[in-house]
Amino acid sequence: MTKERKDKLIDWLYLAMVILPYVICMVLKVLTTPGGEGISITGAHIYFEIPMPLMNLCITEVQATSVAVIISIFGLCLYMTHGIKVVPNTKRQLIAEWVVEKVNGLIKDNMGNRYMAFAPFIAAIMAISAFSSLSSLLGLFPPTSDMNIVAGWAILVFILITYYKLKGGLFPYVKGFFEPVPVFAPFNIIGEIATPVSMSFRHYGNVLSGVVISTLVASALNGLSQMLFSWLPGFLKDIPLLRVGLPAILSVYFDIFSGLMQAFIFAMLTMLYIATGFPEEEYEKRQAKKKKKKALPAA
Amino acid sequence: MQSLDIISVNIWNILLSLVNLLILFLILKRFLFKPVKKVMNERQAQVTAIYADAENDRQAAADMKQEYETRMATAREEADGLVRNAVQTAQRKSDAILADASQQAAHLKQKAENEIQLEKKQMLSDVKAEISDLAVSIASRIMEREVNAQDHAEFVDQFIQNVGEQQ
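Line order of the protein sequences matches chains B and H.
For the record, in the first sequence the residue sitting at position 37 is 37 according to the numbering used here, with numbers rising by one throughout.
For the record, in the second sequence the residue sitting at position 94 is 94 according to the numbering used here, with numbers rising by one throughout.
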């Protein structure tokens, strides 16, 4: 009996861990957004700055939301895997297993069995991207519409791609830039650098464009309803009635569909870039050579 | 309150988000994938064990069936052999009994025949004696005098001999 109660308490704690960070972020946002500013398109609000070499580290609402997203996902993981059993009897365990199996299947289909260790990483990319984009539904500034955030992920992916390319040896990697003819070297280098840039810009641009269009439509509807309903008595004329409806439909596309789509695309591209960038033949040749070298002194 | 520009690059923010993603990766690995995988592997092991048990049981059942069938076959053969033996023994015994019986019958018949022969001879000799007596009495009556049986024995014998030949 007491154990049951304890389990229930822990469940509630985890659920609070999922929800509370968002609530705190929303409260922070409401408290720090100056009233009567009207509709404007700006970046995230800066809470404070920490002096650092080169440039100051700005702690903005984006950083706060990112941390909230991470804590929330952490809480979700703990909640789903709490009281996990060999024979599942809870819905959340089924969901957790479904997620793990789906991600594993995705990796197996797109990358192959060699990369199964990537499953948590791909899941992390998908989760952080989707949760960040969806946080705009709560009125928060979506972290994915800040280029720095997405650029960070893209750079991490780029590091991984390069690491896997270098597994085939430094020389084949460098040689790859001078193919098919040495004249192509600058283009190849640009193409290489373009990978993280395009990844980050694609994702961030999609989400930000959604924010911009939503804001524009909202402001246009604001003006329209002021024009049409200025004859209404009292406070009624201050309510932008036309803003009811259409922004919600736009939100379904820009916040939910586009956000999830971009999360999926980002994860897919990560998988494909890493899997295709890995020079399998060179790697195996190198491993064989290493084995030979190891075997030589013994013989 | 200050805001960032809509497009701004800040390397520290980039680094921060990179680290954030790494942290989330570690969290997911440790707190989602590890327990779920552990449980799934355990389940897999259980299922494999159950299947192995079932296979073992099936194998044992098949073995038992095989053994039973072979035993049944040998038992049937044994029964057949027993029956055949019994039939053979009975046949032999009945043959022996029959042979015995026929032999005895033949023996009895022989004995009976012998006895008949003997009786016949006895009767013949009796008849001879009677006839001779009869003949003597008839002859004495005819001759009106006593015939000495002793004297005419030769004659009577001859007569009887003739009668016997005429018969």
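Since the hints were made in silico from the structure, they are not lab data.
The beta-carbon is built from N, C-alpha and C at its ideal position, and this holds for glycine as well.
Among the hints, erroneous ones may be present.
What the hints assert, rightly or not - Simulated coverage check for chain B against chain H, where a stretch passes if three residues somewhere in it have a Cβ under 8 Å from a Cβ of chain H: (1) 76 to 82; (2) 97 to 110.
Said to hold, decoys possible - Cβ-Cβ distance ranges computed for the label pairs, FRET-style: (3) 101/B - 76/H: 53 to 61 Å; (4) 11/H - 202/B: 19 to 27 Å; (5) 162/B - 9/H: 19 to 27 Å; (6) 180/B - 9/H: 50 to 58 Å; (7) 171/B - 43/H: 42 to 50 Å; (8) 88/B - 49/H: 53 to 61 Å.
Open item on the list: Please list, smallest to largest, the hint numbers that this structure does not respect.
Closed with: Of the numbered hints given earlier, those the structure breaks are 6, 8, listed in rising order.
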